[in-house]
Structure formats: structure tokens, C-alpha cells
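Enquirer: Each protein sequence line maps, in turn, to chains A and B. Take 1 as the starting number for the first sequence in our numbering and just add one per residue. Take 1 as the starting number for the second sequence in our numbering and just add one per residue.
The hints are simulated quantities; they were obtained by calculation from the structure and are not laboratory data.
Pairs involving identical chains hold if they fit within one copy or between any two copies, as the list cannot separate such chains.
Straight-line C-alpha distance at most 20 Å; calculated DMTMM-like pairs for lysine to aspartate or glutamate: (1) K331 to D279; (2) K330 to E80; (3) K120 to D21; (4) K343 to E80; (5) K335 to D279; (6) K331 to E80; (7) K330 to E87.
Below, each chain spelled out in residue letters.
Number of protein chains: 2
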Amino acid sequence: MNIYLPQGYRFSAVHCGLKSDPKLYDLSLVVSDIPAVAAGVFTPNLVCGAPVQVDRNRVPGEGFRAVVANSRCANACTGEQGIRDAEEMAALASQSVGGTFHQGLVMSTGVIGTMLPMDKIRNGIAAAAAELTATETGFLNAARGIMTTDTVEKYVTKSFTPESGETIRLAGICKGAAMIAPKLATMLAVIVTDAALEPLTAQRLLQTAAEESFNCISVEGHTSTSDTLLLLANGAASPIPLHGDSLEQFANVLRELCTELAVKIPADGEGGSHLITIDVEGCPNREDAKRIARKVAEDALVKTAICGADPNWGRIVSAAGTAGVPFNPKKVSLKLNGFELFKNGEPIPFDKKIVSDSIRGHRDTHIQLTFNEGNAGIRFWTTDLTTEYVRLNSDYTT
Amino acid sequence: MNIYLPQGYRFSAVHCGLKSDPKLYDLSLVVSDIPAVAAGVFTPNLVCGAPVQVDRNRVPGEGFRAVVANSRCANACTGEQGIRDAEEMAALASQSVGGTFHQGLVMSTGVIGTMLPMDKIRNGIAAAAAELTATETGFLNAARGIMTTDTVEKYVTKSFTPESGETIRLAGICKGAAMIAPKLATMLAVIVTDAALEPLTAQRLLQTAAEESFNCISVEGHTSTSDTLLLLANGAASPIPLHGDSLEQFANVLRELCTELAVKIPADGEGGSHLITIDVEGCPNREDAKRIARKVAEDALVKTAICGADPNWGRIVSAAGTAGVPFNPKKVSLKLNGFELFKNGEPIPFDKKIVSDSIRGHRDTHIQLTFNEGNAGIRFWTTDLTTEYVRLNSDYTT
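Chain A with its partners taken away, still in its complex shape (with noise of 0.2 Å):
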């Protein structure tokens, strides 16, 4: 996979002692040459992480120098004095290129309830300051730097020249726990590029990208405290904000960017055995699909029998069933990995060897459910429910 690395940024990992491991990397710095126009996408969960609520009053915006991410520690419910501690790390992180304390951004993921240890912290921010590099291993380090147990770094670079001007790039990393990881499914990610942007522009393209992309996504519905989504855009490639046709060229390279990143979450299954693609269809809206999709995601026996390469099929039509949208089953018809096995409301007689088969042993599953009363769809994903889930999420803090 080629790489594109946007113009004017520099990127670095460290390792700084939270995670054991001393060869793996827990701390990662971006930063930005010039400053960034800065937007951001966070968890709804009213318990929010202290870095969500330092970033969440400082973009949109501009001037951002840096953003510093960590991992093994949330800084969340850990009262004032979390909030103290990320609005350091963020002041670090800008000051170790030059900036001024406010134009930083933080990202921390991993155990709620206990306190960042800053000395560690401190150190880890001035090593990596002196460790950063515009180089694509520079990059993969940072993708490195956020994996909990994720068991891949996980990026994705675009590139694309609007009739207006300059070669634009655009280049994103997260981490997803998932399925994959003992812990909070917490979502972290940052997209940086060299287009320049209006900040409430900036705004309202990463929501619409998430809305489509991270929005879609879910492993066990549980909303993390720290789910963070930011982009940075620097200007570099020419220093003109986009408009007009380059605009919605952006917009949509940056949308086809965070869903090619979502999606590498429920993928990356160390626990999960199955990328599942829930794909909803005939809903009278985009929303009712979405509740519908996000339903039968999160649904435990769903997801068993999809791990154990059961067409139990009776189990995806009850979930979507209580969604708490209106719909009548006699006109619902479902298809799994391309077999029709309801129409209308009748089940249809099936080779239950075959359809097992078509599951097992591959990772891909396709769920359809179409309820013909209306136009609107939606496409989302998510992991089945494995023992190794449950093995590694039954042993994480202690």
C-alpha cells in the first residue's frame, strides 16, 4: 500500500512505561510545522474522559501545533486532577515544537479510574519531541503508539488533485479496541492533511465523514468515555481554503478515508473470528436503518451464532424486532451471505450445511434485511461474540 504523507507534519512514538512491554510504543506525538486548523468528532457519553473535555472546548479552531495520544490509561473519572493532567500533556506536547500551551490537543485510552503518571508522561513527551520525523516510519509509529491490543497498526493515506491547484494528501491512523481488546472499545484517530480549511468547514466535513464511517461501527455498544476523531489541516499544499468542486472532491476522499479506518476496527479480530457488514435497506430513513443496523451489531446471540457458523437466522429478524422502529414483519425478507432465508415474512425451507458452510471458515459474513416501507439504507459493521472475547475481557484491570 502506497503512502501519502501530507506536507508540513512530523509524527513520532515512544515507549515511556505504561504499557510492560518496554518494546512496545504507549506514547505517539503529532504535530504540525505550521499552524492547523484543528475539528473533532467525540464520544457522546456523559462520562467523558478529561482529554475529551479539554479538546472538546478548544476545536473547531486554529493554530494547533500538536496532538499527544497515549494509551494504558484513559484520565477518565479521575476528577479534577485528570483535568489538570491532560491540559499539561497537551501544553507539553505544543511546547515541545515551539507552541503555546493552548495549542495542543490530547487523546488518552485504556483503564478508567486510575491517575495518569505524569513523571512518565513528562519524559515520554520530550523523548518523542525529539524523535519526530516526516518519515512513513515516523507515521506507522504513531499508528503504533495508540494499539492497545489491537493487532495491527491501522492507517490510511489518500491522495487526490483538485482542478484547483496542489496534489492534496491526506493520512489517518486509529485504534480500535473492538472485539480484539480487553477493554473499553474506545476509538482514537487522527487525520491529518496539508488542504487548507475553514475551521466550521473542517467541522462539518470530519462529521459527516464520521457519521458515516465511525457512526457505523460497534463491537459490544458500549460507547466509550474517550472515543476521539480529530483532523488537522494545515494548509501546507497551498494555503487557499477549498471551495467548490475541491471541496466535495475532499469531502469525499476524506469520507471513503474514515470508513476504510472504521472499518479495520471490527476487522482487526483477535478475539472476534468474523468481520460481519450488516447491510439494512428499505427503511422509510437513513435513521431507522441505522437503529435497525445497530441493533442486530450489538445483539449477543446474534453474534454467537455467527461465531459458531449458525444460520440461526430467527435471532437477526427478533433483534431487529425491538429496535423501537415501526415496521411490519410480514413484509421483512433477510438474505445471509446471499441466501434468501425469509421473504416477506415466510421463512424459506434452506440447506442449513450450506449456509453453515458459507459462514465458517471465512471472515467476511453478510447480513441483508430489507423491509421494503421506504428508500433509505445504511451499511454497518461489526465482530461476532468469541470465548477469546470473553476470556480477554474477563481479565483486564487486575
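Go by the hints and put chain B onto chain A.
Expert: For chain B alone, kept in the frame of chain A given last:
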């Protein structure tokens, strides 16, 4: 435990070939020797079983003679034929004791989307009618006939004597797949009493009792297609409908019986290793408290933590924050098995080993969440999430 059976009822169960093990009952019959008033509470799932559709059109009402219930096949998502089969089951049950075709009620639990083997059902009802008895054995057999992988039959009986007259008895049976069962967490329950009740009174009392009992348990958040709670009141103890203090006494006893029955569902843990009691207090109203309690109860990360005796209390507070109920995180406090771990938004240092030991090896776990936003509260019950649950639910229909 003393068993108090109401007058004028008979019970039986048979093996009619639905379960593969011929030693296991799979069809139960409960009859009233005189026409009884019936009330019912049913699943809110839009995709509901044919028996639910049939019963819901009949209760509350009077003149009922029989309830028939089968396991192994839910008769849900079975189209028009499913409705005809459910109506025939109800009719055969009533006719088997001399009633008319519309004096029966029906309940089914099991796999969704497969048709009832009606030949077996017809023979089963005839055989069950021949076995009817007013003895404790008949009652316990009826409780066994609706078991799926419940490890014990579930029943509660009560007796009280109101000032107004004759001793009143109530007897309830239920099955709960819950954590313990490789299928939807279908809940079926039948309560019979020899009190006399007006139909609409019976319905009101049953709904109130269900709200504080069966509606306060959850396993994985999947509301089945088939949840059914029926109450029969035949007036055999005294034909005069209860009213005033006697009715209030009855309502209290009914609520106690429903609560004791309901808690048996999460408590019966084939897959589950803990019964988790969740007290949510200090909310502005009961509905808010319930939404928070349900969110915590259904959270995979909370449940896996308890499974692993991991005092990872941050997951509990985080789950509460996503319930859609407004509260101030700085006013939240949390106790786990009596240990205060979070107070007014600040973490309290604690000995992880001591708290972990209080979870490990003890079947009961107690979570107390206090919000300091009002005076309403609720008690909710659930189980933990174990590898055994996943194993059981990964291979059911095939």
C-alpha cells in the same frame, strides 16, 4: 419449600417428541376446572411469535379453561400457517377438558422460523390431558415441560388469608433461558390463583407486578419474540371478586411472587457464574433509574469483568453514561459489594485484591450506583457473561 396449590387447577407435562431426550418433558398443560379470568403481559418485540398474537387478542377476558405450552419450537416467523397452528394448539388444549375452542391460551419457546410438528403436538396435548392432576407432582412436571436448558424447574407458590374470607393461594411457574440457555432469553410464565378477580383488575395487577419483576431482569438485552406472562384467576376459593384491602393484599403477594419467580431466571446460571443485583438510586424518576440499570445490566464489558472477578468499576460508570439519561458525573458514587470505589466523581483508592476476592467464588455480586439527582430508584438483576454462554449460544439450531 412448602407448596400451596390453588383450588380448581390441574397440571401435567409429557414428552411428545420435541426434545431429543425422551426422558425430558416438552409440553405442559395447565387447566382450570371452572372458567377462569385471564390476564397477560407480552413481548413488545414487533416480530412476535404466533402464540403471542393469538393470546394477545384474547386477554384480558374470562371463561378460560387451559394453557398449553411447548419448548423447542417458538412458532415465530412462521407466517399464516404459524397462526393457524397456534390457534389449533389453544383449541385442542381447551377441548381436551371439555372447553370450547376459544377458551384456550398457548405459549411456545424454542427456535424461531421453524414450523411446529403438529402431529406431535396433537398427540402431546391428548396425552397431557390424560395425565392431568391437582398434585404437587403435576405442578412440578408442568414447570419442567417448559424448561429449555434451565437447570432447575422454576416455581413459587404463596398463600394468604385476607380479612374478607377464604385463604387465597397463588402458584407460578416460569422458564428463563437467560444466560443459561442457548437460545433467545424467552421468558414464559403462568400464574394461577383461586382468587376471584375482575378481568381488567387482573390485567392491571399483573402489569404492575411485571413492571417491578420480569421487566427488571435482563440477560443480553434481547427481548424475545415469545415472552409471555399469563395469570389465571378462577375464584375457586371464593367467587366474590377481591376488593379494597383484600385486593391490595393480593396485589402485594402477586408482586412478591413475580419478583421471586423473575430472579430465578438470571440466578439459574448454566453459563452464568454470578447473579448480579444492581441498585440504582438517587434518580429524578423511576424510569430514568431503570434505563441506567438496564444499560449497566446489558453491558458486555461490565458482565465480563464480573465474570473475571475484576473490580473494573470504570466500565460500570461508563455504561451508565451512555444510558441516555442526563446526570452530573461529579455527583455519581459507586459501591461494589459494599466497597466504595467512586465518590462524587472522584476515584477512591482501594485494595484490588480484597474487592476481587469479594466477587470471586461468590455467586452474588452487588452494584450500587447513586446519582444524587432525586429520590427514585430501582433494583435490577442480571448475570455475568462467560465463555460458557458463548459456547452454548454458538451452536444451537445446527
